[in-house]
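K.L.:
Sequence:
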Amino acid sequence: MNTPIHNLQIEQAVLAALMTVSNSYSQVENLLTEEDFHATRHKLIFQAIVDLDSKNSPYDAVLVNQWLEMRNYSEAAGGEQYIMQILGDAPSSFYNLVSYAEKLKDLTTCRQVEAEAMKVINHARNLTVSRGELVQNAQTAFADLNTESGSESLFHIHDAASNTF
113 MNTPIHNLQI EQAVLAALMT VSNSYSQVEN LLTEEDFHAT RHKLIFQAIV DLDSKNSPYD
173 AVLVNQWLEM RNYSEAAGGE QYIMQILGDA PSSFYNLVSY AEKLKDLTTC RQVEAEAMKV
233 INHARNLTVS RGELVQNAQT AFADLNTESG SESLFHIHDA ASNTF
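Counting in the working numbering, the sequence shown runs from 113 upward without gaps.
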């Protein structure tokens, strides 16, 4: 399998915007989850932001780093130097935060479709499975994905396959 679909620059831009602008998490709290970040260090930083926000605490770089250090996650998250690098390198802007978050969500959906497609392919290689069962399992997998994403209309399996391959 190829490298999972992701964009580290967008992940960094989201994190930088969140740590730069106070109360910015409210703009994306109903959109993003930890799983929308590919890099483990970004998941940890986002987890810190979410936890600090849930306690009505600011979540700037200093406090995020402190949160990580208190839980012995600092090294896994790249340390204070990495957080400062994100703030310096990421082309972050509060005005682009929601757009970046939506792009991350799109990438998550692409990863999920790819994972389900691989399961369908592996299932298809099982020559003891009937054609009807194979098609039913594929349709169910993609329908479940569509439900998880909150979409109101089901997409056709052909659309999912053509977008994945």
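Hints are not guaranteed to be accurate.
Derived CB-CB ranges, DEER-like [what the hints assert, rightly or not]:
no.	residue 1	residue 2	range
1	SER242	LEU143	21 to 29 Å
2	ALA236	THR115	20 to 28 Å
3	ARG237	ASN208	41 to 49 Å
4	ILE233	ASP201	47 to 55 Å
30 Å max Cα-Cα, derived DSS-like pairs, lysine-lysine [claimed, not checked]:
no.	residue 1	residue 2
5	LYS167	LYS215
6	LYS167	LYS231
7	LYS231	LYS215
8	LYS155	LYS231
9	LYS217	LYS167
10	LYS231	LYS217
Since the hints were made in silico from the structure, they are not lab data.
Don't be surprised by glycine CBs; every beta carbon is placed ideally from N, CA and C.
K.L.:
Evaluate each hint against the coordinates.
P.N.:
Here's how the hints hold up against the structure:
1. SER242 / LEU143: 21 to 29 Å: Given a distance of about 40 Å, which is not inside 21 to 29 Å, the answer is violated.
2. ALA236 / THR115: 20 to 28 Å: Since the Cβ atoms of ALA236 and THR115 sit about 23 Å apart, the hinted range of 20 to 28 Å holds.
3. ARG237 / ASN208: 41 to 49 Å: holds (43 Å)
4. ILE233 / ASP201: 47 to 55 Å: Given range 47 to 55 Å: violated, Cβ gap about 37 Å.
5. LYS167 / LYS215: holds (27 Å)
6. LYS167 / LYS231: Measuring from Cα to Cα gives roughly 40 Å; hence the hint is violated.
7. LYS231 / LYS215: holds (25 Å)
8. LYS155 / LYS231: holds (25 Å)
9. LYS217 / LYS167: holds (25 Å)
10. LYS231 / LYS217: Within the cut-off at roughly 21 Å; holds.
Checked against the numbered hints given earlier, this structure breaks hints 1, 4 and 6; the rest are met.
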